[in-house]
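Engineer: Required output: the full structure, derived from the provided sequences and hints.
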Amino acid sequence: MNQEATAISDLSSDERFMRLALALGRRNLGRTWPNPAVGAVIVKDGTILARGWTQPGGRPHAEVEALRRAKKAAQGATMYVTLEPCSHEGKTPPCADAIIRAGIARVVSALEDPNPEVSGQGHERLRAKGVAVEVGLGADEARRTHAGHIARVSLGRPHVALKLAISADGKAGLAGRKPAAITGEAARECAFQMRAAADAILVGIGTVLADDPQLTCRLPGMFERSPVRVVLDEQLIVPLATSVVATVRETPTWIFTSSRPSAIAEEILQQKGCKVFRVDDHGGRLDLQQVLNVLAEHGITRLMVEGGPRIAASLVEADLVDELVLLRGEKAIGGDGIDPLEGMRLNVLTGRLKPLGRDKLATDTIEYFARAS
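Numbering-wise, the sequence shown is residues 2 to 374 according to my numbering.
Be a bit skeptical, because a hint or two may be false.
The calculated lysine-lysine pairs, modelled on DSS-like cross-linking and capped at a C-alpha distance of 30 Å, are [unchecked claim]:
#1 130 x 72
#2 72 x 45
#3 361 x 130
#4 179 x 332
#5 45 x 179
#6 332 x 361
#7 73 x 130
Pair by pair, the computed Cβ-Cβ distance ranges are [unchecked claim]:
#8 261 x 171: 42 to 50 Å
#9 207 x 186: 24 to 32 Å
#10 333 x 273: 25 to 33 Å
#11 286 x 352: 20 to 28 Å
#12 273 x 352: 39 to 47 Å
#13 286 x 107: 15 to 23 Å
#14 171 x 288: 23 to 31 Å
#15 118 x 213: 25 to 33 Å
#16 175 x 318: 18 to 26 Å
No wet-lab data here; the hints were simulated from the structure.
C-beta atoms are modelled at their ideal positions from N, C-alpha and C, and glycine is treated no differently.
Structural biologist: Now the structure itself:
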């Protein structure tokens with residue numbers, strides 16, 4: 002038995018079942034927005050009766066999926082769920098009511114939902130009907146899984162994860178802003194997996210013009226998991242032949258611009274299938290806080306940023322980076338290469354965040370940082 006298996010076997014049954022619920026919820030990260038990706042497990046006498054996870058588009062909810070599979074066997078069982086069951090009438094009836102009708106005897110919930118429409122009311126509704134409710138098991142991991150939902154309802158913006166690739170000597174590209182192959186295939190596959198778990202991916206027009214990126218998830222069988230592509234384009238100069246416009250019928254593209262570009266340019270992009278949003282700009286740069294607010298209003302909860310040094314630095318300056326994934330290649334670029342954060346040192350960002358660990362990806366290294374909870 003390996004070390005991880007030994008650690009899992011040492012856990013209590015409640016902890017093991019909650020871990021399973023968290024793993025189930027994560028499988029649809031990036032596909033459930035604007036709703037959180039919740040996982041649920043129904044157990045009776047130590048036997049798993051059913052599993053459920055939030056379905057693409059945000060419904061059915063995880064609890065309802067698990068109850069549908071358990072059927073009448075759910076009577077007297079325990080449900081493990083990664084977020085408080087909803088208590089309000091939305092497009093579907095409240096999950097708390099479905100749990101009560103099914104005769105669930107006990108609910109183990111990782112987190113209270115910060116959504117004002119729920120915010121403890123789901124747990125209270127269950128308790129009022131005689132269901133035993135325990136809250137807090139697996140809370141730290143659940144906060145990470147539901148970081149997008151929490152940010153959207155608490156801050157009015159998505160959770161922002163910045164991905165940076167840097168060389169062994171800390172550079173992000175060649176002189177003259179020319180792109181460079183910094184990391185290997187394993188790191189690129191990791192980046193594709195990150196895209197699959199994001200609701201949207203953001204770059205600037207400079208990246209589009211320099212690289213013509215597809216910004217999709219190019220792993221076998223994963224293309225449909227590609228996130229919404231978001232482009233910051235102050236002057237609305239994105240060429241129609243670029244991948245983000247030419248393939249918009251396959252993968253959505255949302256373009257943010259200022260009030261200055263002509264209505265004709267906007268209309269042409271809209272006819273191609275792009276969505277165009279106009280926000281305020283300051284000194285030729287779009288208001289990033291406003292961009293994030295608009296994304297949240299349109300349901301985006303988890304935003305991955307792959308933009309260049311200017312956008313990365315602007316996000317850091319505005320204190321809008323919640324998570325950093327830092328990919329380090331093994332080769333150096335040289336002193337004339339460009340820095341990953343324009344006009345500031347990388348430790349300005351890493352010093353604000355808590356290091357979570359690192360992994361080896363073939364010859365590259367990946368480091369994880371996040372805001373302290």
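Engineer: Does each hint fit the structure? Answer for all of them.
Structural biologist: Results for each hint:
{"no.": "1", "hint": "130 x 72", "result": "holds, 20 Å"}
{"no.": "2", "hint": "72 x 45", "result": "holds, 13 Å"}
{"no.": "3", "hint": "361 x 130", "result": "violated, 50 Å"}
{"no.": "4", "hint": "179 x 332", "result": "holds, 16 Å"}
{"no.": "5", "hint": "45 x 179", "result": "violated, 59 Å"}
{"no.": "6", "hint": "332 x 361", "result": "holds, 15 Å"}
{"no.": "7", "hint": "73 x 130", "result": "holds, 18 Å"}
{"no.": "8", "hint": "261 x 171: 42 to 50 Å", "result": "violated, 36 Å"}
{"no.": "9", "hint": "207 x 186: 24 to 32 Å", "result": "holds, 25 Å"}
{"no.": "10", "hint": "333 x 273: 25 to 33 Å", "result": "violated, 41 Å"}
{"no.": "11", "hint": "286 x 352: 20 to 28 Å", "result": "holds, 24 Å"}
{"no.": "12", "hint": "273 x 352: 39 to 47 Å", "result": "holds, 42 Å"}
{"no.": "13", "hint": "286 x 107: 15 to 23 Å", "result": "violated, 53 Å"}
{"no.": "14", "hint": "171 x 288: 23 to 31 Å", "result": "holds, 29 Å"}
{"no.": "15", "hint": "118 x 213: 25 to 33 Å", "result": "violated, 42 Å"}
{"no.": "16", "hint": "175 x 318: 18 to 26 Å", "result": "holds, 24 Å"}
Hint compliance for this structure: hints 3, 5, 8, 10, 13, 15 are not met, and every other hint is.
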